[in-house]
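Q: Since chain A is already given, all that's left is putting chains B and C with the ligands on it; use the hints.
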Amino acid sequence: MSFLTVTNLSARLKGTGFPILRRVSLSVAAGQVHGLVGESGAGKSMIGKAVLGILPSSVEITEGRIELDGVDLLSLPLKERRRRIGATAALIPQDPLTALNPSRRIAPQVTDRLVDILGWARARANARALELLHEVQIPDPERVLRSYPHELSGGMRQRILIASAFAAEPKLIVADEPTTALDVTVQKQILKLIAEMQARHGTALLFVTHDLGVVSKVCQSLSVLYGGMVVEDTPVRDFFRAPAHAYSRALLAATPKYTDPMASLVPVPEAVIAGVQAELAAFDRGARHG
Amino acid sequence: MADGRAQIRRRAGPRLWLSALWLGLLALAALLAPWIAPKDPLAQDLFLGRLPPFWAAGAEPGYWLGTDSLGRDVLSRLIHGARLALTVALVAGSITCLIGATLGLLAGYLRGWVDIVISRAIDIWMAFPPVLFSILLIAVLGPGLSSIIIAIVVIDWTRFARVVRAEAMAQGAMDYVASAQVAGRSRLSTMVTEILPNVLPTIVVLLTLEMGIAVIVEAILSFVNLSISTDDPTWGGMIAEGRTSIHQAWWVLIFPLIALFLTVLSFSQLGEGLKDRYDPVLR
Amino acid sequence: MQLLRTFLLRLLTTAITLIGVAVIVFVVIRVVPGNPIAMMLPPGATDEDIARLTAQYGLDKPIPEQFLIWASGVLQGDFGTSITARQPVLDLVLGRLPATLELSIMALVIAVILGGVMALTGTRARGTKVEAGIDVANGMALSVPDFLWGLVLILLFGVLVPVFHISGRVTPSLDLPFTTNFYLFESVLRLRFDLWADIVSHMFMPALALAIPLAAIIGQLLKQSLKETMHLDYVTLSRTKGYGENHVITREALPNAILPTLTLVGVQFTFLIGGTVIIERLFSYEGLGNMAIDAVINRDLPLIQGIVILFAVIFTAVNLVVDLSYALLNPRLRHG
Ligand SMILES: Nc1ncnc2c1ncn2[C@@H]1O[C@H](COP(=O)(O)OP(=O)(O)OP(=O)(O)O)[C@@H](O)[C@H]1O
Ligand SMILES: [Mg+2]
Chain A
3 MSFLTVTNLS ARLKGTGFPI LRRVSLSVAA GQVHGLVGES GAGKSMIGKA
53 VLGILPSSVE ITEGRIELDG VDLLSLPLKE RRRRIGATAA LIPQDPLTAL
103 NPSRRIAPQV TDRLVDILGW ARARANARAL ELLHEVQIPD PERVLRSYPH
153 ELSGGMRQRI LIASAFAAEP KLIVADEPTT ALDVTVQKQI LKLIAEMQAR
203 HGTALLFVTH DLGVVSKVCQ SLSVLYGGMV VEDTPVRDFF RAPAHAYSRA
253 LLAATPKYTD PMASLVPVPE AVIAGVQAEL AAFDRGARHG
Chain B
47 MADGRAQIRR RAGPRLWLSA LWLGLLALAA LLAPWIAPKD PLAQDLFLGR
97 LPPFWAAGAE PGYWLGTDSL GRDVLSRLIH GARLALTVAL VAGSITCLIG
147 ATLGLLAGYL RGWVDIVISR AIDIWMAFPP VLFSILLIAV LGPGLSSIII
197 AIVVIDWTRF ARVVRAEAMA QGAMDYVASA QVAGRSRLST MVTEILPNVL
247 PTIVVLLTLE MGIAVIVEAI LSFVNLSIST DDPTWGGMIA EGRTSIHQAW
297 WVLIFPLIAL FLTVLSFSQL GEGLKDRYDP VLR
Chain C
14 MQLLRTFLLR LLTTAITLIG VAVIVFVVIR VVPGNPIAMM LPPGATDEDI
64 ARLTAQYGLD KPIPEQFLIW ASGVLQGDFG TSITARQPVL DLVLGRLPAT
114 LELSIMALVI AVILGGVMAL TGTRARGTKV EAGIDVANGM ALSVPDFLWG
164 LVLILLFGVL VPVFHISGRV TPSLDLPFTT NFYLFESVLR LRFDLWADIV
214 SHMFMPALAL AIPLAAIIGQ LLKQSLKETM HLDYVTLSRT KGYGENHVIT
264 REALPNAILP TLTLVGVQFT FLIGGTVIIE RLFSYEGLGN MAIDAVINRD
314 LPLIQGIVIL FAVIFTAVNL VVDLSYALLN PRLRHG
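Residue numbers (my numbering), protein chains in the order written: chain A, 3 to 292; chain B, 47 to 329; chain C, 14 to 349.
Chain A extracted, bound-state conformation:
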């Protein structure tokens, strides 16, 4: 049973009407990891933001459904939608340096959702925070909980954000390029941590990334996006064996191989780009495809 189902979601820029998402459909099964790949500006983050109800105010949803745990989010009033999302889903943000409030200590930033939204007693929430920090392998967690964000390194902060995301045992976590802002040496550890936590807690994960190598390791299925449109939605195994769409094939060819990371990259050929562009144009004219 899928925990998150997005159906025909379209969004556009207010004012100019520039399309941001074009009838996006995807689903993430409970406990599964679904990857979102595509070039910069393809709309990967926008899908994650739409699911979590944090689209920028300049972007409006024009059609479609987002079902979280069987509830159609878009039909709920704002306040209720927020609480619903807060209680069942969470975000692991991209940049740990800006995602913690500089004027608040770490402890309340990990426990606030538990206390304010889920109504836990403070003592129970604090115990939970300590347990979580142990779980994400932070040394001396008591001290860290009393610290301010600027006293901690980027890797530490990302571990805290991961702990905070898992705090309420959400059924779905959206991770938007959770390692790109980190040092290369830390990236692998964090990635491993997320994968371990996801497996242990059985959380569904919507994983936004540029890196097909990472997708092949942690995801069970993926969607390839171009220009706000899903060009391919497939299990990971099929994708790496035989990508169906020309754009997917080109994307795969453009990814460095693990065996030979120094091999020169093949840019996506112009002809392929022209092909997808034509598809977008046809789509915008109202024609159906695939």
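Think of the hints as simulated: they come from the structure by calculation, not from any bench. One thing to keep in mind: the hints can contain errors.
[As the list claims (entries may be wrong)] Every beta carbon over 10 Å from chain B, so not counted as near; a handful from chain C, in silico: (1) G33; (2) D62; (3) Q79; (4) E299; (5) I320.
[Stated by the list, open to error] Some chain C residues close to chain A (C-beta under 10 Å, calculated; not the full set): (6) R137; (7) F206; (8) D207; (9) Y247; (10) V248; (11) T249; (12) S251; (13) L272; (14) P273.
Backbone N, C-alpha and C define an ideal beta-carbon position, used for all residues, glycine too.
A: Below, chains B and C with the ligands alone, put in the same frame as chain A:
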């Protein structure tokens, strides 16, 4: 973001023109005062004291906005008062701007001891309550138009110097200035040709603000009876007179107040409007 | 230790500023034409009388010597004697200081409340007509100075709808049991809320006039700062936790948005205190500023000097306090 800027630009239009319209009318009134004022602004008539404005019961024809306690025509005094207000605004504003901006430019661009001296002077000036300082200066210089202008210049130069200094510093740190210097130009000529044009929009905005402030300072000084001679028609003097008879004749206070309010508002809106129009980077 | 060094440096520049102020007033008021002594004596006074009194106030000595005498007195807490009131300047000035402090603080409180409400409402209603309305009101409040707002308030609430007093500090016929000049605070401490109400009804109009421009500045800066903060990742993250907009604005954004506003408000607060001079005059409020104008008109040199120095001390103290509280409030500096 793009949307927001467009909105600001659209709103800048009427704001700018309404301000310019009021200030234009004022300038006209000031220039033509002797011809368009219906009465002699100094003529007293104790039998016609405290006449209400034309729409109220008991109004006397010809005295459109009523009379004060000495029977002087409010409208005529208002029109003649515009002369002093605008003269002070233009002259004091320009001189203050010239001196303050020059000092700020020198401090911000030359740095070193010039900056230390000017910055310290600014600090000292900022520790004076400005109104008290101006009253003190008028007491020293004696009443009169030139005293008012000197007082405004002496007190308000820091408004320009502070801002221009900071801007000049920021500009001086930029690449194009360094390259101009490498090209072998003198520091002074670099300052005038490279820094000044970039600071100019800020200076213009400050100048219009300062003109509004100058009008207020003149009114305040007239209000505490230190401006020019008490008989001469000034808005501040009218306000002082109106404040004392506020319960008997509110119109003596309200008309100069409206005139001051619109003038100050217009000067500042003019500055804001010009900034929106000509500042290339709207932040 | 960095903090201590900065602090000591600040004390030094503050001292230089105060000395500079003292020298300038001293010189400026001594070139006032007309002998202040001659003005205070009755018309029949002889030249000898004038000379005797002039010597008594030390006004016959050269200016540098006068300054040294005055400065050494100040260091011992003696600011000289008022020529008109014939009382120690320090007593006179400290007697009036509470009235001005109470007025300034009340104005500051009003400004913070008004400005805060405007900024929060504007942020909550981003992109709507409400925000545009707040911006227009703000712009107007900002460009018109306290003097004019005072006059507008006098007309509105003193004449048109006379609900507040527009003159004085307290109704003169009332019997005041106070031992200090902090009427507002003392009336609360003594639980005399009848007097408190009378004092507030006298203070509210001048305080509001002083507060309006500052409220506009606070509203504008805080709203700008909030707007920038609302885009930051931690604010977005707290939305995904399930919080509503009100919580997000007041708990996540506001504490960080206040800090940059604070330093600017410090300088603006000194402008507000400077504004009390004319506002006290306008509302016949018996504070320092009103006394200062009288002192200038009466050529009371020692008194003018004392008041100006006191204002300068207040201004620099406010700036010092603001800088310190900035350091204390910012966790980054606190645990540097
Ligand atoms: N705050 C915003 N307001 C309006 N449009 C935006 C905003 N942020 C992004 N966009 C636009 O939305 C589209 C999708 O952006 P999105 O951030 O989802 O891309 P992405 O696939 O996540 O790219 P990246 O890999 O660079 O993160 C782009 O065309 C982008 O220009
Ligand atoms: Mg993205």
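Q: Please go over all the hints and tell whether each is borne out by the structure.
A: Against the structure, the hints:
A cut-off of 10 Å between C-beta atoms contradicts the statement that C:G33 is not in contact with chain B; the least separation is 4 Å. Consistency note on C:D62: stated as away from chain B, and its beta-carbon is indeed over 10 Å from all of that chain's, at 24 Å minimum. Once the 10 Å rule is applied to beta carbons, C:Q79 is consistent with being away from chain B; the minimum gap is 16 Å. With a least beta-carbon separation of about 16 Å from chain B, C:E299 lies farther than 10 Å from that chain, consistent with its non-interface assignment.
For C:I320, the requirement that its beta carbon stay farther than 10 Å from each beta carbon of chain B is not met, with the minimum near 7 Å. Restraint check, C:R137 versus chain A: the minimum CB separation of about 13 Å is more than 10 Å; hint violated. Among the interface hints, the one on C:F206 is violated; its C-beta lies about 38 Å from the nearest C-beta in chain A, farther than the 10 Å criterion. Restraint check, C:D207 versus chain A: the minimum CB separation of about 43 Å is more than 10 Å; hint violated.
Restraint check, C:Y247 versus chain A: the minimum CB separation of about 4 Å is within 10 Å; hint holds. For C:V248, the suggested interface contact is upheld, since its CB lies about 8 Å from the closest CB of chain A, less than 10 Å. Here the hint on C:T249 is kept, as its CB sits about 5 Å from the closest CB of chain A, short of 10 Å. Proximity of C:S251 to chain A holds as hinted, the smallest CB-CB distance being about 8 Å (cut-off 10 Å).
Residue-level restraint check for C:L272 holds (minimum Cβ-Cβ distance to chain A is 8 Å; threshold 10 Å). For the restraint placing C:P273 at the interface with chain A, the shortest Cβ-Cβ distance is roughly 12 Å, beyond the 10 Å limit, so the hint is violated.
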